[in-house]
Amino acid sequence: MRRNPGAIVGGTVVGLFVLLALAAPLVAPSGPTEVVGGLARTPPGPRAEHWFGLDEQGRDMFSRIVFGARLSLLVGFVSVLVGLSLGLVLGSVAGFVGGRIDSLIMRVMDLMLAFPQFLLAVGLITLLGPGLIQIMVAIGVVTVPQFARLLRGSVLAQREADYVLAARSLGTPSLRILLTHVLPNSIAPVIVLATLTMATAIIDVAGLSFLGLGPADPGLPEWGRMLADNASRLESGVHLVLFPGFAIVLLVLGINLVGDGLREALDPRLGR
Amino acid sequence: MSTAAEWERPARSAIDPSAIAAGLISSSRSTNNGPLLQVSDLEVRFVTRDRTVHAVNGVSFDLDVGETLGIVGESGCGKSVTSLAMLGLLPRATARVPAGSVRFDGEDLLRLREDRLCQIRGRDIAMIFQDPMTSLNPVMSVGRQLTETVRTHLGYDRGQARDAAADLLDRVGIPDPRRRLREYPHQFSGGMRQRVMIAMAIACRPRLLIADEPSTALDVTIQAQILKLLRALVETEGMALMLITHDLGVVAGTCERTAVMYAGRIVEIAPTAELFARPQHPYTLGLLRSVPRLDSGHDTALAPIPGAPRDQTAALTGCAFAPRCTYATQESRERLPVLTPAPSAGAGHQVACWNPVPEADRRALTRLQGGQT
Numbered sequence: 001m002r003r004n005p006g007a008i009v010g011g012t013v014v015g016l017f018v019l020l021a022l023a024a025p026l027v028a029p030s031g032p033t034e035v036v037g038g039l040a041r042t043p044p045g046p047r048a049e050h051w052f053g054l055d056e057q058g059r060d061m062f063s064r065i066v067f068g069a070r071l072s073l074l075v076g077f078v079s080v081l082v083g084l085s086l087g088l089v090l091g092s093v094a095g096f097v098g099g100r101i102d103s104l105i106m107r108v109m110d111l112m113l114a115f116p117q118f119l120l121a122v123g124l125i126t127l128l129g130p131g132l133i134q135i136m137v138a139i140g141v142v143t144v145p146q147f148a149r150l151l152r153g154s155v156l157a158q159r160e161a162d163y164v165l166a167a168r169s170l171g172t173p174s175l176r177i178l179l180t181h182v183l184p185n186s187i188a189p190v191i192v193l194a195t196l197t198m199a200t201a202i203i204d205v206a207g208l209s210f211l212g213l214g215p216a217d218p219g220l221p222e223w224g225r226m227l228a229d230n231a232s233r234l235e236s237g238v239h240l241v242l243f244p245g246f247a248i249v250l251l252v253l254g255i256n257l258v259g260d261g262l263r264e265a266l267d268p269r270l271g272r
Numbered sequence: 001m002s003t004a005a006e007w008e009r010p011a012r013s014a015i016d017p018s019a020i021a022a023g024l025i026s027s028s029r030s031t032n033n034g035p036l037l038q039v040s041d042l043e044v045r046f047v048t049r050d051r052t053v054h055a056v057n058g059v060s061f062d063l064d065v066g067e068t069l070g071i072v073g074e075s076g077c078g079k080s081v082t083s084l085a086m087l088g089l090l091p092r093a094t095a096r097v098p099a100g101s102v103r104f105d106g107e108d109l110l111r112l113r114e115d116r117l118c119q120i121r122g123r124d125i126a127m128i129f130q131d132p133m134t135s136l137n138p139v140m141s142v143g144r145q146l147t148e149t150v151r152t153h154l155g156y157d158r159g160q161a162r163d164a165a166a167d168l169l170d171r172v173g174i175p176d177p178r179r180r181l182r183e184y185p186h187q188f189s190g191g192m193r194q195r196v197m198i199a200m201a202i203a204c205r206p207r208l209l210i211a212d213e214p215s216t217a218l219d220v221t222i223q224a225q226i227l228k229l230l231r232a233l234v235e236t237e238g239m240a241l242m243l244i245t246h247d248l249g250v251v252a253g254t255c256e257r258t259a260v261m262y263a264g265r266i267v268e269i270a271p272t273a274e275l276f277a278r279p280q281h282p283y284t285l286g287l288l289r290s291v292p293r294l295d296s297g298h299d300t301a302l303a304p305i306p307g308a309p310r311d312q313t314a315a316l317t318g319c320a321f322a323p324r325c326t327y328a329t330q331e332s333r334e335r336l337p338v339l340t341p342a343p344s345a346g347a348g349h350q351v352a353c354w355n356p357v358p359e360a361d362r363r364a365l366t367r368l369q370g371g372q373t
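Chains as they are written, first to last, in this note's numbering: chain A, 1 to 272; chain B, 1 to 373.
Since the hints were made in silico from the structure, they are not lab data. Everything numeric in this text was worked out from a predicted model, so none of it was measured. Here a beta-carbon is modelled for each residue, glycine too, at the ideal position from N, C-alpha and C. Watch out, some of these pointers could steer you wrong.
What the hints assert, rightly or not - Some but not every residue of chain A turned toward chain B, in silico, with C-beta under 7 angstroms:
#1 Ala166
#2 Ser169
#3 Pro173
#4 Pro184
#5 Asn185
#6 Ile187
Make the full structure from the sequences, and use the hints.
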């Protein structure tokens with residue numbers, strides 16, 4: 001990671017966003033739903049007291065974006081956690097047990113992969129209903145097949161390793177072999193995928209909000225919703241779309257750079 | 001068909017009674033008076049969609065407490081498969097064990113449930129594998145891998161297990177064991193890793209140690225050290241040792257008895273000195289002739305065995321070695337020879353051959369060996 005400037009830049013960007021999110025009440029001049037100006041058809045753009053300008057309801061855009069970082073990071077993290085944990089269980093069971101259970105799990109995963117991921121998430125939200133938790137679950141669930149598939153492949157390879165046979169010959173029970181020998185040796189690519197998936201999850205949330213499938217509470221400073229609400233006012237105030245869009249791009253780029261760095265550090269085939 | 005139990009066993013070095021008293025030999029755990037291990041008519045097949053490989057075809061042998069048995073043969077003759085089958089470690093998807101029994105201390109290992117087998121593996125029977133570079137988990141410290149065995153089988157707590165692990169590393173000749181416990185496998189050399197593997201295997205003082213080519217992947221000097229260590233451990237712990245190798249030199253220096261395998265069968269079994277002095281099976285003779293010796297002239301040509309190992313996908317009629325054998329007759333090709341006491345050999349010497357090597361040809365080998373065995 002030290003010899004990868006991209007990863008350092010990415011790490012710094014992500015780190016800044018995390019700091020912003022944690023210190024949002026201190027950094028932001030006002031609350032995310034606090035009205036500091038008047039209603040305006042053409043809200044004022046950036047100026048000294050409002051760095052990113054105001055929106056049409058008179059709320060400070062900078063404050064909304066800073067608080068929005070909390071939301072995006074939370075959604076990215078939780079949905080990856082959902083996808084990762086389900087994928088981890090399904091993938092390791094499929095790879096380690098094999099046979100019919102493997103076929104059954106993987107055919108269900110194939111079925112899920114047959115749908116475009118975003119469409120599947122839209123479908124799930126219509127089933128689960130709108131709301132932050134439902135969105136995180138939906139986005140998490142649609143990433144399960146990727147995790148399960150990747151982990152299964154690496155578990156299959158490790159299952160036949162000499163040290164697994166050696167552990168079996170010494171009477172180590174199967175579950176312990178899976179947990180202490182097979183998983184730690186097959187988890188590296190999954191961790192890389194998790195970081196990259198987190199970036200996609202943030203885009204997906206923004207996309208879902210843009211389509212009006214976002215969190216039900218209209219006050220929530222979700223970046224994608226800000227884009228959607230203001231898309232029709234592009235001519236009256238570029239800042240209304242520019243800053244939320246820029247925030248999404250910057251955070252996703254940062255996470256992707258970190259993921260690439262991790263891949264380079266963890267993938268033995270790329271050399272050190 | 002003669003079974004293992006009928007074999008007349010040669011006199012072996014008796015077990016020191018004081019060793020039993022000192023608890024080095026776990027005689028108390030023994031529940032029957034037969035041999036410690038009795039393998040009878042073991043068969044293993046590998047079944048895939050388009051063909052079946054007959055890997056092991058009726059192997060029988062027995063092993064007493066504290067005895068060392070060498071199993072030699074070329075690659076693919078079924079040595080390793082035999083040992084894996086004994087412990088139920090064959091890949092479940094393809095391997096079948098249609099016949100045979102493996103009686104260990106009165107229990108047939110082939111009929112045991114997996115959880116009972118897990119108790120026996122590592123505690124009563126342990127195994128060492130060929131390649132120490134890949135047989136240790138790369139992401140787990142050596143100490144954790146060592147303590148795993150004793151914690152599983154003996155229920156030690158963390159502290160006890162750590163002490164036991166340090167003691168084990170010390171016993172297999174690794175200096176500064178406390179510090180080495182915290183290190184990872186990549187910080188050890190090949191020979192040191194094999195010592196760690198041996199330490200893991202002997203952690204619970206098993207009564208039978210199976211070593212599958214334990215020295216093959218190592219340098220010659222390290223090989224000698226590892227074999228010396230194994231010999232010493234077998235002696236002090238009173239373990240029975242089953243040493244699988246393709247190297248005749250290794251069995252000569254390590255094992256009391258030696259079995260020669262070919263195409264999934266034992267073709268000859270005898271006390272090691274007897275086997276080297278009076279090989280009865282043409283295949284054994286061929287093996288001995290194909291090994292260079294220090295005391296033969298530098299212009300002495302080695303005599304390789306003509307032909308290639310048998311394709312084991314077809315079922316067998318007659319002797320598997322017949323196509324490569326200069327002594328083969330019509331009978332060899334049509335009727336399967338079984339292990340019987342060799343007519344012109346010493347006690348405990350059995351051979352599965354219709355036409356054992358004539359005395360004159362054996363003498364040629366003995367002369368080549370400078371009269372020594």
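Which of the listed hints are not met by the structure? 6
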